[in-house]
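So the sequence lines, in the order shown, correspond to chains A and B.
So for the first sequence, this note's numbering puts the first residue at 1; every next one is plus one.
So for the second sequence, this note's numbering puts the first residue at 1; every next one is plus one.
These are calculated hints, taken from the structure and not from any lab test.
Fair warning: there could be bad hints in the mix.
Chain A regions said to be covered by chain B (calculated; three or more residues, Cβ under 8 Å) [claimed, not checked]:
no. : stretch
1   : 43–51
2   : 102–113
Result set (EDC-like, lysine to aspartate or glutamate): computed pairs, CA atoms no more than 16 Å apart in a straight line [said to hold, decoys possible]:
no. : chain 1 : residue 1 : chain 2 : residue 2
3   : B       : Lys59     : B       : Glu45
4   : B       : Lys58     : B       : Glu39
5   : B       : Lys78     : B       : Glu45
6   : B       : Lys106    : B       : Glu15
7   : B       : Lys101    : A       : Glu101
8   : B       : Lys101    : A       : Glu54
9   : A       : Lys26     : B       : Glu45
10  : B       : Lys106    : B       : Glu5
11  : B       : Lys78     : B       : Glu56
For each residue, glycine too, the CB sits at the ideal point set by N, CA and C.
One letter stands for each residue in the lines below.
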Amino acid sequence: DAGVTQSPTHLIKTRGQQVTLRCSPKSGHDTVSWYQQALGQGPQFIFQYYEEEERQRGNFPDRFSGHQFPNYSSELNVNALLLGDSALYLCASSLPRGTYEQYFGPGTRLTVT
Amino acid sequence: ILNVEQSPQSLHVQEGDSTNFTCSFPSSNFYALHWYRWETAKSPEALFVMTLNGDEKKKGRISATLNTKEGYSYLYIKGSQPEDSATYLCAFIGALNRDDKIIFGKGTRLHILP
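Using the sequences provided together with the hints, build the complete structure.
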């Protein structure tokens, strides 16, 4: 049973560039959430996708956008990268109902220079 | 803005000793509280999912309690072992409405000293 997978593992980008991160949920899960974890902070909720639509959103600017595909995989896009976007980006999948237990992927480490 | 606070931020415990730490969360609009263990170079993994006031859950030497009326949860580790070294995160889930989302604390980093 495949768990949550994310790609790439590491990424280095320059200020002003755009980046796309990818996530495949755990088998049987149809809800995907994205989190940003900066140094010394807990994971900050970016948004959640269910049925190919953004269902909830945290306090992140519109530069952060996402997409969910019919196979439930998801992408996180960040435009006009800032140095402050450097962080670990975690994807988690869950069922859309119940207790919303999050199953996390290994994360993508994004460095913006 | 809803806040989830965890204390202490960091903790050093001698192997074999017991320890506990706290997660404080909004006492209104509660739906569920999660505890996760995050070991270095791994993904966070769920320890407990708690939904009812007074819940007590146990997994081996680790247990957790929940008080939704006053907005806190304790995580206890009995007889700490080196493999318990990790960051422990709690996450608050509010009742479903368009403004609620999963809110994580900053975590408690536990170091077990041999």
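Here is how each hint holds up against the structure:
Proximity of the stretch 43–51 of chain A to chain B, defined as three or more residues with a beta carbon under 8 Å from a beta carbon of that chain, is established by the 4 residues found. Using a Cβ-Cβ cut-off of 8 Å, 6 residues of the stretch 102–113 of chain A lie near chain B, which meets the minimum of three, so the contact claim holds. Using a Cα cut-off of 16 Å, the hinted pair Lys59(B) and Glu45(B) holds, with the two alpha carbons roughly 13 Å apart. Of the pairs offered as hints, the one joining Lys58(B) and Glu39(B) is violated, with about 19 Å between alpha carbons and a cut-off of 16 Å exceeded.
Taken as a hint, the Lys78(B) and Glu45(B) pair is broken in the structure, with Cα atoms around 19 Å apart against an allowance of 16 Å. Taking the CA atoms of Lys106(B) and Glu15(B), the gap is about 24 Å. The hint is violated against a cut of 16 Å. Proposed proximity of Lys101(B) and Glu101(A) is supported: the alpha carbons are some 13 Å apart, at most 16 Å. For the suggested pair Lys101(B) and Glu54(A), the alpha carbons sit about 12 Å apart, so the restraint of at most 16 Å is met.
Of the supplied pair hints, the one linking Lys26(A) and Glu45(B) holds, its CA atoms being roughly 13 Å apart against a limit of 16 Å. For the hint pairing Lys106(B) with Glu5(B), the CA-to-CA distance comes to about 7 Å; that is within 16 Å, so the pair holds. Between the alpha carbons of Lys78(B) and Glu56(B) the distance comes to roughly 15 Å, so the proposed pair stays at or under 16 Å and holds.
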